[in-house]
Amino acid sequence: MKRTVPLIICSLTGFILIISWFLPAAESWGEKVTHWFDIVAAFAFVLGGANLLKIHLQKISNRRIGWGYSAVTLTAFLVTLLAGLFKINVNPSMNYPAYSWSGNYLDEGGLLWWIYEYLFVPLSATLFAMLAFYITSAAFRAFRAKNIEASILLFTAFLILLGRTYAGSLITSGLPDSLAFLRFENLTIIIMSVFNLAGSRAITIGIALGVVTTSLKLLLAVDRSYLGSD
Amino acid sequence: MFEKLNSLESRWIFLMTFLAVGIPILLQKSLPEKPTPMVMDVFNLVEDLPSGSLILCSFDFDPASAGELQPMAAAFVRHCALKKHKIVFMTLWPVGPPMIQNNINILKKEFPDYQYGEDYVNLGYRTGGEGVIKLITTSLDKMYSEDVNGTSLKKLSLTKDLKHIQGIDLLVNISAGTPGVIEWVQYASTPFNIKTVVGCTGVTAPKNYTYIPKQLAGMLGAIKGAAEYEKASIIQYPQLAENPQAQEGLRRMAPQLVAHLLLIFLIILGNVLHFVGRRKGLSS
Chain A
1 MKRTVPLIIC SLTGFILIIS WFLPAAESWG EKVTHWFDIV AAFAFVLGGA
51 NLLKIHLQKI SNRRIGWGYS AVTLTAFLVT LLAGLFKINV NPSMNYPAYS
101 WSGNYLDEGG LLWWIYEYLF VPLSATLFAM LAFYITSAAF RAFRAKNIEA
151 SILLFTAFLI LLGRTYAGSL ITSGLPDSLA FLRFENLTII IMSVFNLAGS
201 RAITIGIALG VVTTSLKLLL AVDRSYLGSD
Chain B
1 MFEKLNSLES RWIFLMTFLA VGIPILLQKS LPEKPTPMVM DVFNLVEDLP
51 SGSLILCSFD FDPASAGELQ PMAAAFVRHC ALKKHKIVFM TLWPVGPPMI
101 QNNINILKKE FPDYQYGEDY VNLGYRTGGE GVIKLITTSL DKMYSEDVNG
151 TSLKKLSLTK DLKHIQGIDL LVNISAGTPG VIEWVQYAST PFNIKTVVGC
201 TGVTAPKNYT YIPKQLAGML GAIKGAAEYE KASIIQYPQL AENPQAQEGL
251 RRMAPQLVAH LLLIFLIILG NVLHFVGRRK GLSS
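Just so you know, the protein sequences line up as chains A and B, in that order. Heads up: the first sequence is residues 1 to 230, going by the working numbering. Heads up: the second sequence is residues 1 to 284, going by the working numbering.
Be careful, since some hints might not be right.
Said to hold, decoys possible - On the chain A side, residues computed to face chain B include the following (Cβ under 7 Å):
#, residue
1, A125
2, F128
3, A139
4, F143
5, R144
6, A145
7, N196
8, L197
No lab work stands behind these hints, which were simulated from the structure alone. For glycine and all other residues, C-beta sits at the position ideal for the given N, C-alpha and C.
Let the sequences and hints guide you as you build the complete structure.
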């Protein structure tokens, strides 16, 4: 039962979506199933939250290495969750001024907005910006012309790096119009829209064929690995 | 000298990166940009739509990628407002609503005549990713019965007759990943022939070229795409040249230039050291 019911739901849902795509009469079935999907997707947030609590509470209670970080994670999670759920410091909506909870949870001035604006935004931006430092360090240490393939990659990287900035345009601006295709900015376009395009399309078509095969295996219950081992 | 450079500690490289990005930011210099044909395709598409066209803007990005994508989103929104297009905002990312709000604040500040409900509507976030796209292509009210303020879409003049998004004039998707460009292409643009343009981060741009020109009418890639779009906007609407906020992307090209030059220098230096080291190893 534990395995059969999910298998039936998966197969039924998948086949309904396929049929609804090809048969106009069955279009509304596809809509209904998609609606279910969106509702179930909302539950994933609850499951994710519960899983986060479980893992970090276990880590704290067992005093495993790094349990302090788990405590910080849980505190941040709970404070943010409560700030959003209870709309702390959020003003009522203009449409329903009599109802104190009618305001938007992310309205300016609310606690959640404050956490988002002054903690989440700068922390996210900082983490992402740190990539630049690691990329530069990696460029110095790892990007070597060790063989022909690596040399081609290196040469292409030079062209793209220069072509995506004003320096590229400036260096090759003296080229006559008959040789305009050799300007860095044009070479960049050629690399992206010819070589990259051909490679990307080949990969995309390959992935699509793989997705069709895998989906059929799932729908026909040949592949049951997503149900877990027990 | 060789030994010193070969064992150069990361902290010095980090310092160089910091200076390469930090100094141009502080100097606030912008460089002359020339819009490339791809950016002009996107710009002309928005420009050539008749005033009052309905545009759906899905801003599927977060604060981490806002540095790259917010100037792009702002340039689109300004252009749409200058052309007096009607805009419906939405997002497929949980942290996307403030990204929409940032752009609505631009409308409120720079285009005070733009009225909420009449000229633009904010649908906000719904969970489900591609499921949301799939549903709103056939039935908007099944996913969005009300806007972000809790007002029924039937009470807003812009959305009261909007049954689904098949009838929109243009779909603009600014995306930093999944769900984003690929999902919009698979479930909206391709099956329903919805004209679509996208803006994306530098790392996702190569993959998105796959869909141009049939499924996507054009794409803005990374901050350079944003800078070129801003430049195209300034050429068409010279009043934007007096608005420093409308040149965020252009200003960010100078730090990018110096950072790219530093990268090239370090790659060359690394390779010179590699070959010198190999020769030394061979000779010894």
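Hints, verified against the model:
Interface hint status for A125 of chain A: upheld, as the beta-carbon distance to the closest one in chain B is roughly 6 Å, under 7 Å. Residue-level restraint check for F128 of chain A holds (minimum Cβ-Cβ distance to chain B is 4 Å; threshold 7 Å). At about 5 Å, the closest approach between the beta carbon of A139 of chain A and any beta carbon in chain B falls short of 7 Å, and the interface hint on this residue holds. Given hint, F143 of chain A at the interface with chain B, holds; its Cβ is 5 Å from that chain's nearest Cβ, closer than 7 Å.
At about 5 Å, the closest approach between the beta carbon of R144 of chain A and any beta carbon in chain B falls short of 7 Å, and the interface hint on this residue holds. For A145 of chain A, the shortest C-beta to C-beta distance to chain B is roughly 6 Å, which falls under 7 Å, so the interface hint holds. Below 7 Å, beta-carbon pairs count as interface contacts, and N196 of chain A has one with chain B at about 5 Å; its hint therefore holds. For L197 of chain A, the interface hint holds, the least distance from its beta-carbon to any beta-carbon of chain B being 5 Å, beneath 7 Å.
The structure is consistent with each of the numbered hints, conforming to all of them.
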